[in-house]
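Residue numbers (numbering that gives the first Met the number 0), protein chains in the order written: chain A, 0 to 459; chain B, 0 to 98; chain C, 0 to 473.
Honestly, the hints are just simulated from the structure, not real lab data. Beta carbons: idealized from backbone N, C-alpha and C, even for Gly. Check the hints yourself; a few may be wrong.
Stated by the list, open to error - Taking beta-carbon pairs under 7 Å as the criterion, some of the chain C residues facing chain B (in silico):
#1 Arg17
#2 Gly23
#3 Thr139
#4 Val281
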Amino acid sequence: MSVRDAATAVGGRLAAAGGLNAVLAWSDAALAAEAARVDALPARGALHGVPVALKDNIVTVEQPSTCGSRILAGYVSPFDATVVQRLRGAGALIACKTNLDEFAMGSSTEHSAYGRVLHPLDPERVPGGSSGGSAALVAAGVVPAALGSETGGSVRQPASFCGIVGIKPSYGRVSRYGLVAFGSSLDCVSVFGRTVSDAEQVLAVISGVDPLDPTTANRPPLEPQSPPASLTGTTVGIPREYFPADLHAGVRAACDNAIATMKELGANVVDVSLPHAGYAVPTYYIIAPAEAAANLARFDGARYGARQHSDGDVRALYRATRGKGFGAEVRRRILVGTYVLSAGYHDAYYNRAQAARARIAEDFTRAFASGVNFLFTPTTPTPAFKAGEKTDDPVAMYLADIFVCSANLAGLPAMSIPIGRFEGLPVGGQLMAPPFAEAGMIAAAGVLERHLDAAREVSP
Amino acid sequence: MSVSARDVAQVAKLAELAVDDAELPALTAQMDRIVSFVAQLAAMPDLAGAGTFLAGPERSPLRADVVNPVLLARPPAAIAPEFVDGFFVVPRLGALDGT
Amino acid sequence: MSWETVIGLEVHVQLGTRSKMFCGCSASFGDAPNTNVCPVCLGLPGALPVPNEQAIRLATRAALALGCTVHERSIFARKNYFYPDLPKGYQISQFDQPLSTGGRFAVESAERGPIEVTIERLHIEEDAGKSLHDRIPGKTAVDLNRAGVPLAEIVSGPDLRSPAEARVYLTTLRQLLVYAGVSECSMEKGSLRVDANVSVRPTGQRALGTKTEIKNLNSFANVERALEAERARQQALLEGGGTVAQVSLTFSAVTGQVKPMRSKEESHDYRYFPDPDLPPLVLSRDWIEDARAGLPELPAAKRARLVVQFGLTAYDAGVLTSDRGIADYFEAVTAAGADPKSAANWIMGEGMVGFNETGRFAVVPPGLAGLIALVADGIVSHQAAKKVYAEMAVSGGAPRDVAARLGLVQVRDEAALAGWVDEVIAAHPREVERFRAGEIKLLGFLTGQVMKRSQGKADPKGVQPVLQRRLEAK
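Use the sequences and the hints to build the structure in full.
Encoded structure:
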């Protein structure tokens with residue numbers, strides 16, 4: 000199939016999938032321009048002609064970047080994110096910009112200013128978030144891969160809900176230059192794929208040190224590996240804190256099945272403990288909003304974006320623009336973040352959370368030092384929930400991230416693969432590895448993928 | 000520790016976010032809920048003596064002092080809501096002087 | 000009631016780099032608005048800062064010159080507030096762990112003699128852009144060319160005791176930083192800014208009074224005037240039984256008065272926290288010592304050396320070291336053979352006129368040394384030499400050639416001198432009579448007449464003996 004035909008085919012699939020509300024910007028003309036650009040490249044790159052969707056908080060020169068917010072309605076960035084340049088350099092077709100929870104703050108993609116995204120298997124359910132649009136498109140077969148971003152699990156969680164692969168690399172593995180910042184010490188551009196191999200290929204292309212991002216590790220790009228035949232010689236740690244007594248029965252059954260499969264494949268499965276696991280969500284919900292409050296201060300209607308009309312001085316402009324331009328969840332997080340940094344609360348909240356983060360990271364260091372190659376846990380406490388189920392109580396929504404946010408706090412590589420179905424809904428299993436040990440984790444996931452039937456209904 | 004409406008109004012001012020009176024009670028309840036939830040961190044027994052976790056590299060790379068800006072694909076005028084004679088324009092600073 | 004004034008100064012200097020602190024935009028002054036901008040300094044979504052090594056090197060040099068301890072590990076922090084010319088809604092600065100602390104800086108106080116001012120800290124930060132409130136009616140115009148330019152903030156301890164001392168601190172600090180090649184330190188161009196903190200307390204009281212802050216001062220003279228005005232205001236207030244409120248003030252050069260800045264909220268909660276986009280700034284001992292090695296001989300050391308090495312007075316050494324260019328020129332002129340005292344006098348006289356206008360010395364060092372030698376040898380008079388200097392400043396040339404071209408070589412030939420002397424004796428018979436009668440001071444007058452008749456070309460040292468002989472002969 001020629002690149003031109005691939006582009007046309009993607010356009011057809013995007014049009015057909017419009018009902019999911021997963022896309023914020025796409026056009027046949029843009030796809031045709033992408034195809035022409037790829038055809039003009041001097042050599043075939045690793046992703047030649049592969050259509051990749053981009054979460055709308057990754058900035059692009061050719062299409063708007065709204066971050067799912069009214070405050071950036073119509074904003075077209077004058078520069079491309081590094082990851083976009085690298086995808087293009089490898090011959091990928093940039094397919095579209097996808098819908099997300101506003102400024103990546105959410106776990107269901109119900110907090111977008113442009114409407115919620117529908118779960119491809121059940122329109123009443125959420126695809127997860129914040130990268131719900133990208134997840135839905137991959138799950139619906141519109142594109143084989145997509146970029147999302149993670150701050151507290153925003154790719155693994157929707158991958159789990161939608162039954163696809165989601166990989167969060169180590170912090171610093173992929174450049175953040177061009178990713179609109181939410182929680183700077185947590186943010187990672189991450190990848191969705193239909194298969195482990197699809198996701199790995201894309202991750203390899205976008206990874207590697209970037210002089211424009213001083214938080215990138217001074218390491219070369221990842222190289223895709225062919226997975227080994229078995230898990231012999233691998234030690235898998237099962238953290239007991241992630242398997243509480245009241246864990247959802249379907250999730251437990253799927254995980255038990257996956258663990259049994261690992262043993263069959265020759266893995267040494269051991270029990271480990273991450274004692275501070277229960278503090279991960281409150282720690283995350285202090286640090287992430289604090290960093291976000293500062294990162295979103297630039298959105299004031301002065302230099303770019305949508306400005307609210309106000310009669311008054313410049314501060315009236317700021318307050319009106321930000322008050323109206325940000326949605327409810329974003330406003331809550333900015334307020335919480337400002338509160339925990341403010342004089343009188345800074346020590347009790349922000350400083351304490353930093354100490355807690357150090358302890359949480361130490362738990363992982365200790366677990367891996369004991370000889371464990373990777374950890375295995377459920378990705379989410381339940382399969383995809385219904386739209387509206389958790390929007391009344393912000394904390395209920397936050398708890399959806401209970402198994403995923405620790406990896407963001409500790410900067411670890413982590414991924415979700417589909418490990419079964421419960422009542423027709425996908426269940427995801429999570430792997431977490433030591434810093435910069437993606438390759439081994441992805442290889443093990445590849446082996447598991449071959450031996451697990453992700454579509455199989457589990458019975459508790 | 001509970002969050003009051005006055006706390007919320009004060010923080011909203013710091014964050015330059017307009018919150019109208021009608022929204023304040025519900026917002027205060029939500030803020031109180033969230034802050035009370037995260038406050039449970041105080042119960043962590045071994046907070047004292049914890050080091051600092053560094054997400055990124057141990058030291059920042061430094062840039063050579065060369066003029067080589069990232070070129071903009073479109074100029075400031077093209078992205079600005081209001082741009083006159085080469086300047087970004089906002090309503091005048093009113094009751095507050097320069098700091 | 001006698002009062003003691005306590006003053007501390009915060010000085011911001013622009014570090015003399017080509018590019019900005021966190022991006023590759025040009026840091027130059029005076030370009031068309033919003034032309035030196037990029038995603039980083041515009042604060043566009045997705046942009047990230049990368050620190051400028053030279054800015055850090057210059058700040059390190061400044062810190063070392065001020066006797067500070069440079070910390071091998073320091074942290075960038077976000078200072079959060081909203082303002083039209085602050086694109087990110089926060090400024091990247093340093094807070095808890097700054098680049099350097101604990102320096103001491105010697106200043107010559109007119110009232111107290113040599114004093115040592117503590118430097119509490121010198122840290123690195125980025126500048127904000129420029130807000131113009133009067134360009135468009137009802138609006139503020141913003142130019143972000145300056146946003147992101149590297150600054151060093153230098154905070155003194157509350158060690159100054161008078162407005163005059165504050166001014167001397169500033170001029171001495173400026174000289175040091177210019178010498179060290181750290182900054183141009185031009186208040187007109189905004190590369191040096193001063194905020195002053197001042198309080199008063201009854202003499203002998205240990206506790207400090209409430210301090211106020213005076214901002215947006217635009218010259219050293221105005222710093223002194225503003226501090227004088229504020230000191231007087233605080234004293235009057237306290238003597239009248241009132242209390243000093245901790246406010247920020249501005250100074251009007253026109254009225255000579257300070258007044259509070261119109262602010263709705265006085266206190267700023269900057270919510271400082273370490274910038275998560277910037278890993279720690281880690282400088283090795285070797286790197287720091289290398290920065291130190293890049294420091295030139297500093298003013299105080301150079302002054303002392305000139306006194307010892309060349310026998311100059313402290314005053315002359317002070318003038319010659321007021322600018323590194325002058326000191327370097329002086330040493331080049333003496334190296335070319337000139338007598339140090341004469342060199343000093345010529346440079347502080349003729350030389351400074353041109354230097355003050357153009358920033359350079361128009362006559363090359365060997366040229367001035369040669370001219371000084373001509374005067375010492377009596378080949379040109381001092382007066383004539385000034386004309387030779389002026390000509391050399393414009394068109395160069397060797398001093399003797401220029402003197403000859405201008406007809407200024409002194410005549411010592413006895414026959415020529417005798418000719419002029421005879422003409423003068425013939426023209427002034429009455430004065431000659433009076434001289435011979437005992438009014439010996441008329442020798443000066445008659446010598447002057449010979450000089451006039453020779454149109455300045457006669458060597459006055461040669462004229463006198465000839466004149467004397469002729470007068471005594473008849």
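Tested hints:
Here the hint on Arg17 of chain C is kept, as its CB sits about 5 Å from the closest CB of chain B, short of 7 Å. Among the interface hints, the one on Gly23 of chain C holds; its C-beta lies about 4 Å from the nearest C-beta in chain B, closer than the 7 Å criterion. Taking 7 Å as the C-beta cut-off, the interface hint given for Thr139 of chain C holds, the closest approach to chain B being about 5 Å. Contact between Val281 of chain C and chain B, as hinted, is supported at the beta carbon level, the nearest pair being about 4 Å apart and thus within 7 Å.
The structure shown violates none of the earlier numbered hints.
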